[in-house]
Amino acid sequence: MLTEEQNNSGQESRRNFLKKSTAIAALTAASPLLVKAAENDEKIASYFEKIPLLLEINGKPYSLSVEPRTTLLDLLREQIGLTGTKKGCDHGQCGCCTVHVDGRRINSCLSLAVTNHGKKITTIEGLANGDQLHPMQEAFMKHDGFQCGYCTPGQIMSAIGCIREGHANSPEDIREYMSGNICRCGAYPNIIDAIVEVKKGGKAV
Amino acid sequence: MINFEYTRASSVKSATEARTKHKTSQFIAGGTNLVDLMKKGVTAPERLIDINALPLKEVKSDAKGVTIGALVPNSVAAEHELIRTKHPLLSMALNAGASAQLRNMATVGGNIMQRTRCPYFYDITMPCNKRNPNSGCGAIDGYNRMHAIFGASEQCIAVHPSDMCVALAALNASVHISNNGKERSIAFADFHRLPGTTPELDNNLQAGELITAVHIPANHFNKAYYLKVRDRLSYAFALVSVAVALEVKNGIIQSASIAMGGVAHKPWRLYDVEKFLVRKSVTQDVFTEAAAIAMNGAKTYQHNNFKIKLGMASVVEALTKATS
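Sequence lines, in order, name chains L and B. The opening residue of the first sequence carries number 37 in the working numbering; numbering runs sequentially from there. The opening residue of the second sequence carries number 2 in the working numbering; numbering runs sequentially from there.
Be aware that a few hints might be false.
To be verified - A few chain L residues facing chain B, derived, Cβ under 8 Å:
hint : residue
1    : 87
2    : 90
3    : 92
4    : 105
5    : 131
6    : 140
7    : 143
8    : 148
9    : 151
10   : 197
11   : 201
12   : 213
13   : 216
To be verified - Taking lysine-lysine pairs in the DSBU-like style, the calculated list, with each CA pair at most 30 Å apart, reads:
hint : chain 1 : residue 1 : chain 2 : residue 2
14   : L       : 86        : B       : 41
15   : B       : 40        : L       : 156
16   : B       : 41        : L       : 123
17   : B       : 24        : B       : 41
18   : L       : 86        : B       : 58
19   : B       : 22        : L       : 86
20   : B       : 24        : L       : 86
21   : L       : 156       : B       : 58
22   : L       : 156       : B       : 61
23   : L       : 96        : B       : 58
24   : L       : 123       : B       : 40
25   : L       : 156       : B       : 24
26   : L       : 156       : B       : 41
Stated by the list, open to error - Calculated from the model, a selection of chain B residues having no Cβ within reach of chain L, i.e. all distances over 10 Å:
hint : residue
27   : 27
28   : 137
29   : 142
30   : 162
31   : 220
32   : 230
Keep in mind the hints are simulated off the structure, nothing from the lab. We put the CB at the ideal spot given by N, CA and C, even for glycine.
Generate coordinates for the entire structure from the input sequences, incorporating the hints supplied.
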């Protein structure tokens, strides 16, 4: 779907449709102004065109239709209703919006939803198995790895990534590889304790 | 963000054709810089061509060197066995950049194409010749602590923000480019440009051209270090950085390749220092002399005079770390 070639052919038919529907075709020679108007109509129509998008979110398939400018973060929060993922800075600087795409942690605020076609997304809501919390969620509670809690979903998603990537071998290592997640309450020592414990526990994350 | 048309390219050829056909289009891969710029209103392409499905995701090696596909994520490149063993300088530079999340998203091609982080470029209420040609430079008489000390012009004193590119410049890499079926490559040192009177142009890429890969030629460097000095220990842009690659035998430097970041509109090769170091012994005196040569021709502004002293200390430190 929607390859460059296909999109071009789609545009051709839309242009023809607009020309026909506004009965401009017959007036083409007489009125270049009206043709211009029809082309502008086409431009406006295409601006609001939604793009079909297939995603798997927390194990569930979704067939969606999104504006190209929708970020993955806004899609999750506004369209899917998964508000566990937080919007902090909205510019990739705070890490609140961290989710996993195909198992890798990313900033969902800087990722256009449409560029994730066919990908598997995991959010904070997808970690627990029923009532059984993910080991990282349990460790954050045990070590008090938060105060206000706003950055916590992003911290937990990032912490899992940190262990998966093999960069949780020492507190120094964790500090470096968790630097994309800001905690304005300053719960960093407890966050590190939580990650160290999960890493030492050796469970698959 | 102003809305835009969106298409997915299925081949390098169709991507470059689409880019040529739609003058106000841009390629998008990881989007870590472009999406941010679009949110801020710094840029507003009418069409994005998504190149994520293109087959440019391989890291390959042969007798001539290592080739990294343009769509290889920064994190994958940094951790790749071939890069870590053959070009540790590049791994170090990649890991010094951004955050783990951003490195998972950002691609090698996109890293090369990222725009300056000059705050006057990002603030659309400010004058900026790079964002809006002939509107003036807000930084030149403004708060220019982060700005260039080499190769700047009256029109622009911005610096290139990449760490990866500083290492690639030191490693004599080249950038492979495709446009409507035609291929060419540009030496890394010639890819980015100085601002001159046209600071809106960051590099020498022509309209429609797409970066497909970066090639690092095989070399004899046996000592390397990437030093990044910044306002905090991690996840900040460089005040200055130094990429050092040396070939040392029996305590004597046989060849040297050094580039600095955070000091110019492009990765800044220290050619005079490289010449000076050849056949010199590995001593602090030699490194101190090299550091003084490194700062020849530097021009500072109201708030970045500290970069001279910091630059010299960083060159000494990077050479020391590389050889210790």
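Exercise. Holds or violated: residue 86/L with residue 41/B, Cα cutoff 30 Å?
Worked result: holds (22 Å)
Exercise. When you check the alpha-carbon spacing of residue 24/B and residue 86/L, does it fall within 30 Å?
Worked result: Given that 30 Å is the threshold and the Cα spacing comes to 22 Å, the pair holds.
Exercise. Is the hint on residue 151/L kept, meaning its closest Cβ partner in chain B is under 8 Å away?
Worked result: holds (5 Å)
For this session: Quickly compare the C-alpha distance for residue 96/L and residue 58/B to 30 Å and report which way the hint goes.
Result: Status holds; Cα separation ~28 Å.
For this session: For the pair we were handed, residue 22/B and residue 86/L, check the Cα-Cα distance against 30 Å.
Result: Holds: residue 22/B and residue 86/L sit about 22 Å apart, inside 30 Å.
Problem set entry | Pairwise hint evaluation, residue 58/B against residue 86/L, where the allowed Cα distance is 30 Å at most | Cα-Cα ~28 Å, so holds.
Exercise. Is it true that the CA of residue 156/L sits at most 30 Å from the CA of residue 61/B?
Worked result: holds (27 Å)
Exercise. For the hint on residue 148/L, does the least C-beta distance to chain B fall short of 8 Å?
Worked result: Given a least distance of 6 Å, the restraint on residue 148/L holds.
Exercise. Are the Cα atoms of residue 41/B and residue 123/L separated by 30 Å or less?
Worked result: holds (16 Å)
Problem set entry | 30 Å Cα cutoff - pair residue 156/L, residue 41/B | holds (28 Å)
Exercise. Does the interface hint hold: is residue 90/L within less than 8 Å of chain B, judged Cβ to Cβ?
Worked result: This interface hint is violated because 13 Å lies over the 8 Å limit.
Exercise. Minimum Cβ separation between residue 142/B and chain L greater than 10 Å?
Worked result: Holds, because the least Cβ-Cβ distance between residue 142/B and chain L comes to about 27 Å, which exceeds 10 Å.
In summary, the structure is inconsistent with hints 2, 3, 25 from the numbered list given earlier, while agreeing with the others.
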